[in-house]
Structures are given as C-alpha cells and as structure tokens.
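2 protein chains.
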Amino acid sequence: MEYTKPLAKLIECFQKLPSIGPKTAARLALHIVKMPESEVNHFAQSLIDAKTQIHYCENCFNMSATSPCEICSDKTRHKETICVVAETKDLMAVEKTNEYNGVYHVLQGLISPIDGIGPDDIRIKELLYRITQNNVKEIILALNPSVEGEATSLYLTKLIKPFNIKITRIAFGLPMGSELEYADEMTLARAIEGRVEL
Amino acid sequence: MEYTKPLAKLIECFQKLPSIGPKTAARLALHIVKMPESEVNHFAQSLIDAKTQIHYCENCFNMSATSPCEICSDKTRHKETICVVAETKDLMAVEKTNEYNGVYHVLQGLISPIDGIGPDDIRIKELLYRITQNNVKEIILALNPSVEGEATSLYLTKLIKPFNIKITRIAFGLPMGSELEYADEMTLARAIEGRVEL
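Here the protein sequences line up with chains A and B, keeping their order.
First residue of the first sequence? That's 1 in our numbering, and the numbers climb one at a time after it.
First residue of the second sequence? That's 1001 in our numbering, and the numbers climb one at a time after it.
It is possible that part of the hints are untrue.
Claimed, not checked - Distance condition first, Cα-Cα at most 25 Å in a straight line; then the derived DSS-like pairs of lysine-lysine:
#1 B/K1016 x B/K1034
#2 B/K1096 x B/K1137
#3 B/K1016 x A/K23
#4 B/K1166 x B/K1075
#5 A/K96 x B/K1161
#6 B/K1089 x A/K34
#7 A/K89 x A/K125
#8 A/K5 x B/K1009
#9 A/K34 x B/K1161
#10 A/K125 x A/K161
#11 A/K23 x B/K1089
#12 B/K1096 x A/K5
#13 B/K1034 x A/K23
#14 B/K1166 x B/K1137
#15 A/K34 x B/K1016
#16 A/K125 x A/K137
#17 A/K16 x B/K1034
#18 B/K1161 x B/K1125
#19 B/K1089 x A/K16
#20 A/K23 x A/K5
#21 A/K137 x A/K79
#22 B/K1137 x A/K96
#23 A/K75 x A/K23
#24 B/K1166 x A/K34
#25 B/K1009 x B/K1079
#26 A/K34 x B/K1023
The set of hints was computed from the structure by calculation and includes no laboratory data.
Note that this is a predicted model, so its numbers are computed, not measured.
Just need the whole structure built from these sequences, with the hints factored in.
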C-alpha cells in the first residue's frame, strides 16, 4: 500500500525542498494532517505571500517586500561602503553580527564554470554601475572561502581595482573557540598567510 | 535588520514543523522564494488538500482519503489478523516490508502516564470492539521497543487474553547487518531472552 493520495502529493512537495529526504518529508506531511486547520491555511497563505510579495531590491538585489529594500532606504546606513555577498542568507549572517553599518550588494550566485555560471550570470554589472554612480569608498568582499568564492573575489578585484577604491576581503582563519591542533591544513595555512601584526 | 516580513512569516511557519530549526527554516523559505510560482501554488494547495481531504478510517484509524481505508476495503487482505501499531507512519513501515497481508489497527498514540496519555486517550476501546465483532484469530503487536510501547503492549495483552485469541509481538533483537560486539546491552539482553530454537 502507498500513502493515501493527498498525503503522497504533499510528501512529494516537501521532498522537493533542499535537505528534505523521503523520511523527513513523510514526517512533516503527517504532522501537517495533525495540525489545526487554521494553522495549515496560514502556512499555505504564507507560502503564496512569500512568493508573490517578495522581489529583489532594484539597487542591491537583496530579497525584499519593498524596492529599494529596507537597508538601501535606511538613512542611517553608510552608503559609501558596500559589502558584496553571494546570497540573501549571507547578508543576513553579516547583519546578525551587528558589526556592519554599510550597505550590501547581493550577487545572487558565484562564478562557477563547472555549473556554467559565468560573470554575466550574476549581478556584477549592476555592482560596477553602483560604483560608477555613487561615491563608494570601500568594497568588502564577504564570499565563501570556496573555489567559487575565491574565483569570484579574484575576478571582482581585477574589475574594481581600476576605480581606485579600497577593496577588502573578510579574514579567513581559525574560527573563534576552535583549537589549533584540530584545524585542517588549509585553514591553518590561510591563518598563517593572513597573520596580523600586533 | 530582520528578514523582510513575508519571509519572516514563512520562516516562522516552517519552524513550527518537527525537526526544523531556525537555520533550516530560513533555508527552506529562501528556496520557496526562488521556486516557480506554479510550484509554490501547488505546494500551498497540497497542504490544504492534505488537511481537508484526509480523515481517519472508521475501522482501523489509519489516515486515509476514504473511509474505510484502502487496506480495510481490500478484499485480498486477511481480516482475521490485525497488526496493532501506534501511528500511520508505523503502518507504512510494516507495509514496506511486503511481508504482511493482514489488516491494521492504528492506536493513534501509546500509553504514557508522564504525558498524561492513558488507555482511554488512544484507540483501545475500538480495537476491543473489532475483536468482539469480527472473527479475529491473531493480534500482532508492532509497537516501539520503548517504555511507552512496552507499557501499551502489556496493557493490551492483559485485555485481549480473555478473548482466547492468539496474541504475538514482533521480535526485538539484533538488527540485520549489525555486529554483536557493537550492540547495546539492552538489545543483546532482549535478543538472548527472545532466542529461537533451530
């Protein structure tokens, strides 16, 4: 016997989401059936609202219900510093530090020749346009320390250098609270390479 | 900055599901925004359909779009054997073995005094009613090897014994492919206790 049809359909929907396997999908779907009807309706409406109401900021390409987004339209934010991230979730990670008061630029991806993603497939043109239009003083690259992140950083650095703008990259090294003895070679090598004078 | 409102609302909905923490919820919600609108609508509709179309079988209390459910109304199933499980997901686990051709009874829970769940809170009365009404020959208890499962098994055994029906319990012991040396003491003790003559 298979799951009854409406349940099988819902399991299939859950399974299409990232990191949700068949077992988790079944558990979530069974949970939905046991939830109060009002909550299920609210969930369904939230899905539709998220899809229909969220767009990308015309300026920084952050996901937002408004355009320009809340950050771009915030007058207390320093517009002369742009932090470049790959995705909205990376922007949120930087926001959570409460250490950054500039604006962002969301590339919506990273250069990845293996996946067929070239410089024209991400929001690089739009970043350059912002640099030429506004009085930008610093570009901070906050991209993943991966092959794709490094390739994109390198590409952006070459492009931006001629503008005579300060261009920085977030530090790669030992995470706080970690132990040197357990750090992998790559991380430790980057930490030594990026050592700071005291 | 917090997530933009429609996104925050959706993240909250995902977070209410079992085993979904704040980070996974955010990842899933961001994925929804990137999905094609038709798929999101399909997902929303599936949620509502699962909630409104699925009910419990009047006979065995399995989740089903029909009542009696597909299994109870299947003429090739042996009605004289009832496999007692706690939840629909356990029923599905037994179904997947392709070894069982009887019918089921879903208790919709296990006796758990700590959580305030007594014998009257689960479908025990209904099981006894089925035993008195139909020509039942064997009851197979397929409940979790947990404190609650054991308590429920014991309770059911005492109740059903007077009917003079064969009552069995699925075997507890070493899982297939495991190694004796790594088995925990409880499992190994149950395996020795439940040894079978060859």
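Results for each hint:
Between B/K1016 and B/K1034 the alpha-carbon distance is near 21 Å, which keeps this suggested pair within the 25 Å criterion. A distance of roughly 23 Å separates the Cα atoms of B/K1096 and B/K1137; the hinted pair therefore holds under the 25 Å criterion. Among the hinted pairs, B/K1016 with A/K23 is consistent with the structure: their alpha-carbon atoms are about 18 Å apart, no more than 25 Å. Our distance criterion of 25 Å between C-alpha atoms is met by B/K1166 and B/K1075, whose separation comes to about 23 Å.
For the proposed pair A/K96 and B/K1161, the alpha carbon gap of about 61 Å is over 25 Å, so the pair is violated. A distance of roughly 13 Å separates the Cα atoms of B/K1089 and A/K34; the hinted pair therefore holds under the 25 Å criterion. Proximity of A/K89 to A/K125 is assessed by CA-CA distance (about 21 Å); at most 25 Å being required, the pair is judged to hold. Proximity of A/K5 to B/K1009 is assessed by CA-CA distance (about 28 Å); at most 25 Å being required, the pair is judged violated.
Straight-line distance between C-alpha atoms of A/K34 and B/K1161 comes to about 33 Å, which puts the hinted pair past the 25 Å bound. Of the pairs offered as hints, the one joining A/K125 and A/K161 holds, with about 15 Å between alpha carbons and a cut-off of 25 Å not exceeded. Distance hint between A/K23 and B/K1089 is fulfilled; the C-alpha atoms sit about 10 Å from each other, no more than 25 Å. Using a Cα cut-off of 25 Å, the hinted pair B/K1096 and A/K5 holds, with the two alpha carbons roughly 17 Å apart.
A distance of roughly 24 Å separates the Cα atoms of B/K1034 and A/K23; the hinted pair therefore holds under the 25 Å criterion. For a cut-off of 25 Å, the pair hint linking B/K1166 to B/K1137 stands: about 6 Å separates their Cα positions. Between A/K34 and B/K1016 the alpha-carbon distance is near 13 Å, which keeps this suggested pair within the 25 Å criterion. For the hint pairing A/K125 with A/K137, the CA-to-CA distance comes to about 18 Å; that is within 25 Å, so the pair holds.
For the proposed pair A/K16 and B/K1034, the alpha carbon gap of about 13 Å is at most 25 Å, so the pair holds. Of the supplied pair hints, the one linking B/K1161 and B/K1125 holds, its CA atoms being roughly 15 Å apart against a limit of 25 Å. Distance restraint check for B/K1089 and A/K16: the Cα-Cα separation of roughly 20 Å lies within the 25 Å cut-off, and the hinted pair is therefore satisfied. With a C-alpha separation of about 17 Å, the suggested pair A/K23 and A/K5 falls inside the 25 Å cut-off, and the hint holds.
Distance restraint check for A/K137 and A/K79: the Cα-Cα separation of roughly 9 Å lies within the 25 Å cut-off, and the hinted pair is therefore satisfied. Under the criterion of a C-alpha separation no larger than 25 Å, the hint pairing B/K1137 with A/K96 is inconsistent with the structure, at around 63 Å. Annotation: proposed proximity of A/K75 to A/K23 is violated, straight-line Cα distance about 47 Å (limit 25 Å). Between B/K1166 and A/K34, the direct Cα distance comes to roughly 33 Å. Violation of the 25 Å bound is thereby established for this hinted pair.
In summary, the hint linking B/K1009 to B/K1079 is not supported, as the alpha carbons are separated by about 47 Å, beyond the 25 Å threshold. In summary, the hint linking A/K34 to B/K1023 is supported, as the alpha carbons are separated by about 24 Å, within the 25 Å threshold.
When held up to the earlier numbered hints, the structure conflicts with 5, 8, 9, 22, 23, 24, 25 and fits the remainder.
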